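Quick note on the working numbering: the first sequence kicks off at 2 and runs consecutively.
Please keep in mind that the hints were generated in silico from the structure rather than gathered at the bench. Certain hints may be false.
Pair ranges (Cβ atoms, derived) [as the list claims (entries may be wrong)]:
(1) ASN115 x PRO166: 46 to 52 Å
(2) ALA274 x ALA188: 46 to 52 Å
(3) ARG116 x ALA22: 17 to 23 Å
(4) ALA188 x ARG265: 22 to 28 Å
(5) GLU66 x SER118: 34 to 40 Å
(6) HIS256 x ALA37: 28 to 34 Å
(7) HIS42 x ARG265: 50 to 56 Å
(8) SER118 x PRO171: 44 to 50 Å
(9) ASP191 x ALA219: 28 to 34 Å
(10) SER236 x GLN73: 39 to 45 Å
(11) GLN157 x HIS42: 32 to 38 Å
(12) PRO171 x HIS272: 45 to 51 Å
(13) GLY295 x TRP149: 25 to 31 Å
Taking lysine-lysine pairs in the DSS-like style, the calculated list, with each CA pair at most 27 Å apart, reads [claimed, not checked]:
(14) LYS99 x LYS221
(15) LYS192 x LYS99
(16) LYS77 x LYS192
Keep in mind it's a predicted model, so treat the numbers as computed, not measured. For each residue, glycine too, the CB sits at the ideal point set by N, CA and C.
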Amino acid sequence: MRELLQAPYPSLVIPKPYDFAASICDHGWPMLAPFAWDAEHKTLQRVELLDTGRVVLLRLTAQEEGDNVQLQVAVKADQDLTVAEMQELEGKLRWMLKLNEDLSEFYAIAAQHNRLSHVAASGRGRLLRAPTLWEDVVKTICTTNVSWRNTVSMVQRLVARLGAPLVADPARRAFPTPQQVAAADPALFDKEIRLGYRNGYVIQLAREIVEGRRDLEALKQNALPGPELRQELRSIKGVGDYAANTLLVLLGHYHELPVDSAFRSHVKMRHFAHIPADAPPTDAEMAAVYDQWGAWKALGYWFEAGE
DNA sequence: TTCCAGGGGTAGA
DNA sequence: TCTACCCATGGA
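Could you put the whole structure together from the sequences, leaning on the hints where they help?
As structure tokens, then:
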């Protein structure tokens with residue numbers, strides 16, 4: 002196993018400003034396998050299966066000099082990567098870190114909010130996502146109606162049982178592909194992976210993809226307007242309003258709010274504390290609080306809640 | 001034992 | 001469109 006320091010990818014343009022560690026940690030995704038966050042060294046690790054079938058370990062850190070940030074990418078692999086593999090990784094890194102998104106409109110609104118102006122100043126808002134929409138859909142389904150700790154456990158078991166292993170450290174595995182999930186014995190889900198009633202949703206989605214009945218990755222091309230994209234996501238069994246809006250955020254559409262128990266709890270406490278408990282605000286009333294954020298409601302809520 | 005967690009599907013109105 | 005009911009899992 003060789004450690005190949007590719008530092009940095011010269012064509013991987015880092016936006017300014019950009020706070021690598023804060024951006025990675027601004028939601029729970031780095032805690033979900035096969036991601037792992039090393040807080041002490043501010044390093045994001047990920048086991049990744051390449052198109053060639055090779056499994057590599059990525060280690061990402063940022064080197065900062067003033068507002069000039071350079072991404073340091075270390076790749077552990079059994080041999081040198083090919084040019085095509087390097088290009089594949091570069092594309093995946095750009096997607097995962099949302100380096101291509103233009104957040105200037107969001108920053109302009111955030112700068113007008115005293116308590117959120119730091120978000121704009123430090124260049125946050127690029128929430129971590131998986132290289133594939135498939136992985137993000139499965140993980141989002143695993144966040145529904147369970148505690149976060151349970152989500153972490155479910156995803157860990159899914160990766161541990163079905164993901165492709167790293168040669169030098171077989172205990173570390175990549176996220177399972179739709180093919181691997183579709184080919185798995187459903188009994189393995191019932192007995193070991195234990196996603197509860199979500200087992201059927203994940204297996205069904207994998208089969209739809211493998212059989213060519215659904216092309217999730219095509220949705221990343223940003224070819225569909227928001228409402229149609231949302232409708233497409235809602236057509237996935239197990240994806241309801243909350244999950245669809247969460248996935249829209251991951252896809253770079255922030256006009257819909259992922260309304261879950263955490264949203265309701267936060268908004269009630271922050272904006273409706275004077276309302277009697279026996280007459281709670283409706284979801285629509287709570288969502289209206291963020292109308293001022295226009296197309297950036299979800300980020301506005303997210304960073305307000307994260308203060 | 002019961003409730004709840006970063007809800008969703010279905011049937012019936 | 002709205003409501004009631006059911007759904008596996010694991011921790012409190």
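Range hint 39 to 45 Å (beta carbons of SER236 and GLN73) holds or violated: 40 Å, holds
Is it true that the C-beta distance of GLU66 to SER118 lies inside 34 to 40 Å, as the hint says? 24 Å, violated
ALA37 and HIS256 - C-beta distance against the hinted 28 to 34 Å: 32 Å, holds
If I claimed the Cβ atoms of ALA274 and ALA188 lie 46 to 52 Å apart, would that claim hold in this structure? 49 Å, holds
Given the hint of 45 to 51 Å, check if PRO171 and HIS272 actually sit that far apart at their C-beta atoms. Given about 50 Å between the Cβ atoms, the range holds.
Falls inside 50 to 56 Å, the C-beta gap from HIS42 to ARG265? 36 Å, violated
For LYS77 and LYS192, compute the direct alpha-carbon distance and say whether it is at most 27 Å. This hinted pair is violated, its Cα atoms lying about 33 Å apart.
Outcome for the supplied range 17 to 23 Å, where the beta carbon pair is ARG116 and ALA22: Cβ of ARG116 to Cβ of ALA22: about 21 Å, so the range 17 to 23 Å holds.
With a cut-off of 27 Å on the C-alpha distance, tell me whether LYS99 and LYS221 pass. 12 Å, holds
Do the Cβ positions of GLY295 and TRP149 conform to the proposed distance bound of 25 to 31 Å? Holds - the Cβ-Cβ distance for GLY295 and TRP149, about 29 Å, lies within 25 to 31 Å.
CB-CB spacing for HIS42 and GLN157 relative to the 32 to 38 Å hint: Because 21 Å falls outside the window, the suggested range is violated.
Measure nothing beyond the straight line between the CA atoms of LYS192 and LYS99; if it is 27 Å or shorter, mark the hint as holding. 36 Å, violated
Going through the hint list in order, the structure does not satisfy hints 4, 5, 7, 11, 15 and 16.
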